[in-house]
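Peer 1: For the protein sequence lines, the chains are P and S, in the order given.
Quick note: the first sequence, position 9, residue 129 per the numbering used here, numbers continuous.
Quick note: the second sequence, position 498, residue 1157 per the numbering used here, numbers continuous.
Errors might be hidden in some of the hints.
[What the hints assert, rightly or not] Pairwise CB distance ranges, derived in the manner of DEER restraints:
hint, chain 1, residue 1, chain 2, residue 2, range
1, S, D897, P, A159, 30 to 38 Å
2, S, D897, P, A207, 29 to 37 Å
3, S, G825, P, G132, 21 to 29 Å
4, S, V842, P, A324, 24 to 32 Å
Hints in this document: simulated from the structure, not taken from any laboratory.
Where a beta carbon is used, it is the ideal one built from N, C-alpha and C, also for glycine.
What follows is the residue order along each chain.
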Amino acid sequence: MSRWIALGIRTGVRSTRYPSRPDPEAEIAPSAVTVDIAALSATQALEAADMCPTTAITAAGDRDRGSIAFDAGQCVMCGRCVRAFPAAFSYGHGPEVAVHSREALRVAAHWADGSGPAVDETAATAELQRRSQALFRRSLHVRHVDAGSCNGCESELQLLGSPQYDLHRLGLFFTPTPRHADALLVTGVVTRQMEQPLKDTYEAMPNPKLVVAAGVCAVGGGAFEGGLMVRGPLDRILPVDVYVPGCPPTPLALLHGLLLAVGRAEERYRPDGGRHGA
Amino acid sequence: MTTLRELAQRFGLAIGGGARGELRTQCAPEEFLGAVTALAAEAVLADLFAVTGRGQPTLTVVFELAGDAEWLVLRTQLSGDSFPSLTPSTHVASWYEREIHEMHGLNPVGHPALARLRLHDWPVGQPPMRAALERRLDVGPGVSSPVPIVHGQGVFQLPLGPVRSGPQESGEFLFNSGGEDLVAVSQLLGFKLRVVERLAEGRTVDQGLILAERLAGVSAFSNALAFVQAVERAMAVDVGEQSRAARTLMNELERLHNHFGDISRLADATGLMVAGAQYASLKEEVLRHCAALTQHRYLRGILVVGGLQAPLPDAALRAMRRRLGDWLRRSERLERLLEDTAVFVDRVETTGVLTKEYAAPHNLVGPIGRSTGADRDCRRDHPYAGYDRVTFDVLVKSQGDALARLSVRLFEIRQSIRIIEQVLEAWPGSDVAASVSTPATGEALGWSEGAGGETLHWVALTADGRIARWRARPPAFVNWHPYAEACASGNNLTDYPVIEASFGLSHAEFDR
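The shape of chain S in the complex, shown without the other chains:
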């Protein structure tokens, strides 16, 4: 089996430096397009980001490869503000380049559709990641890209959002319909853009952690864990055994409450109110146990660089362990009932389909990726925290419809409980304090598998340990990309709530 190291060598890229598990390499800007195109044909492009500020702008691409636990980090330093677009040869680069264009003011020459991705009330020529912070109040009127509309006899537009009907996140969708069918869906995202990564620059790692925990609420822990692990790897800090076990456990608790919550909303969207209430009830119970363990329902304020802010109380661990069997039994009983309910299965089967062929070039992650044949799971592919000590299975389906996404989540609920039981079975006694083992590298990747999928953060530290630059690539950034296509896969307007709930995509993670 080929490894990333062999691939890099084959393309003449010299590897040097980098935190453990990271192969760092660079190339000249004129070789960049060729190198990325060649690598992306064999490996998975997991992130593409720019760093602007002092000195020349740089572009960084992160690759991973099935069966290889390492990451390949390829960087190039641009001589100006332009670079040849990767999108014509590597489709997944499209949204990354649109983001780089609007946020950093770099120009991917030859990009086929360089519309704005998240900015719609912001003037051109003031890229938010480069504009002076004090400019925020007087930048002048904004400019937005036009939203694409379908023209044709009998086709009309139906807007939804940005203020939604219930207590939901803000985002706008434009349905193009001929009556009942969804011909096409245009989305306008970015209403909640806070430029969180920019806020962290120059702050302490501890202040950055507060922001990482608030990138998104229901995935607070997985994002904070990826951030903390990036800092730990950049500073070469070793984390004690109990902290690693506790992090594994909390990562799974977060997955549980997310999956329970997502299934609850899916059941509500199909009108199955009892199922919705039962799953919401399960979510609330998990959140209460999270609160008993960490004093916070969404597991904020528990992580710290090097370990945990406080140990998890034994009494709360015992109480949670006693509930695991009950959660599993109830979830499995509900699962059987859902399978037996024809009106439910009819609503989710072949609804919101992402075909394997359409999904593949998007490098999707998490349950959405795994329901379209993408066999990726950070916990197995790049073990972190205590995942090297537990056994679990990863379900991959290929139908790509709402039912497949539901099946993957139901399967993962069982695996999460299985992982938590193994962690508690081997619960280490006293913790080993964090220790600094090797010289710091100053920058590193951190990753975790959140409920939504692979969560990738990159942190560069200054010499005095402050945040020079932080890049967050939460799973929703990747998974929003093919969303509109799934909405228009031969479904009706009334299927939209089911499609939306079955994806369960986070606006906060995407908008940032």
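So here's chain P without its partners, still in its complex pose:
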């Protein structure tokens, strides 16, 4: 056993300094797509929607008159649009992609009379929200529920305990019992057969409580919306405080989501890259 202890000490501290410092090594994997819709022509907008294998990019109309919408809450990060239209779609954003409202993940644009798409300012101007959850600022106990995920999100959540992330240094803990939990972190699209266990877990938690939807399946239904035994995204079942997009969200994105939930991090992501609005 002493050899294990020696090995542990010899290895030293491997943990990221995030959130006090950015961590370029952990940020290799993109956390979300941003879009500059104005860089698309009407034809390209229609092509992009056609190419998108989920409902993240949707479009209607024709070259003369139409609309396009991008929903980061449905984007599975397959990269098809980023490779086809690099001027408009990009991976440029860092890991801080969690937001407080579902609407904040959407951006839409219209075009008419042969001009290019113009962003609907009303949808894009939602101000970056700051919510303080002073009750939980020091330490947070998280109850995780897999409501129907592919195990990608669980793999990333498990890695939050790895030396590289070590979520305990931030006072974050997974708790086995809902009675001790401050926050409910849900992964996966809610399946018919997990709906009741999920509701029971939520009911068993004391008030006040926070709910975090992690991964596009929980945020928007992802690739499984419309499935025969699928109830849909989490906010159809429970009130959601924080949405973390990604498929799966990277460990840093998950950390940001949890810190955002307790007011220890700020909202930074907008699907238009913050080009419009406030």
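Here the structure of chain P is known, so what remains is to put chain S in place on it, guided by the hints.
Peer 2: Same frame as chain P, but now just chain S:
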């Protein structure tokens, strides 16, 4: 040595059509039971599935045979919704038939235990693979099969799940115990059933690929690879040399991060936190290199029918190659330390035993199969991608305990690194674009050896290239079958976390 072709001829089955490497044959429904029983006695039954929808339902059985690179695909068209159960004569058919019964509404007459396999909140008479999709919201209250319970003096039940203690997948287990010993374990799976295969029907191949990549997260690549190869074989698309090399490399990277992750959880389950952290650290490093290569930590979004979405960047390949030696050294040092740690070896040795005799009729795959004497590995038996150009060894053990499963995984880590080094050594320069060589067959098998084992997908395409039917048989479907038996092999309640971690079975793959 007998071949599948000879076996088929011996039983009077005519072979015709089928994609390359696939022997396709059919028989009348009244001959089906006899033909499958005879074939299953000599060959390995690798999959059994139903197709329902337009026309009469069909049943398809896929066989493989040691030493034969081909597959035998036997199909029969039923005249009604019933067929004689294969289970009494071929044990491995049991779970396949239970799945066919609940998902397709076909009745295997004479099945000895036709309980529901994954459905527990769904009414009878609405088989999900046949029910109209719009029925999903108003099907009414569900019916579940009772979970078997052990009765006896002093025996009590201890439930675990479906919501687990840490960030884990959902599944329910019922321990029957007399105090400390695990008398029997009942499992209730299927909580995460999304009916993924049904969702793909009528969609484009590209949309189907997105679903195949999301069947299971940590085995995203091997499942997507089996799916893509099935489509490529159905469409008779030839894949370029560099894409094949890159696919081989990524298949092994996925095995590496899975094995590192599984061993990390096993070490944590035995209380060896330093080992757990060291292996988790290795897994994270592999995932970061996957991200540098493909922009995705779990290798999603890189595959496409005919090749790759984008070439693997040279700089990322060089950076990864520089790390291989370090991963190998660290893994081997940890392996020696684990072997020297008596409290660890005591926890895993003779824990969760699957005897060779019990395991054999289940046709197990992957490290779990190879730790119980099943000498199967798709990479060697049915070479795909670039596996015909690399050399590697396959370790087969017979103890069937947690230690044997660990030993197989540790051995495979070394082989994976060896394969990646060979692929990089012979890295082909420029890619040859995908080309269509022969007329399409419309349906085909695809396979890969994921970290969990043989991953078998079957895809049938419509005339306009959409998905008519998709069947996924991931390794976890096979390997969950004998799991409860291993849990009750003379172990204590406190051994359960060790047993579970040593199996490392995916719920998402099983539930689908």
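Peer 1: With reference to the structure, classify each hint as holding or not holding.
Peer 2: Each hint, compared with the structure:
| no. | hint | verdict |
| --- | --- | --- |
| 1 | S/D897 with P/A159: 30 to 38 Å | 37 Å, holds |
| 2 | S/D897 with P/A207: 29 to 37 Å | 33 Å, holds |
| 3 | S/G825 with P/G132: 21 to 29 Å | 26 Å, holds |
| 4 | S/V842 with P/A324: 24 to 32 Å | 29 Å, holds |
In this structure, every one of the numbered hints holds.
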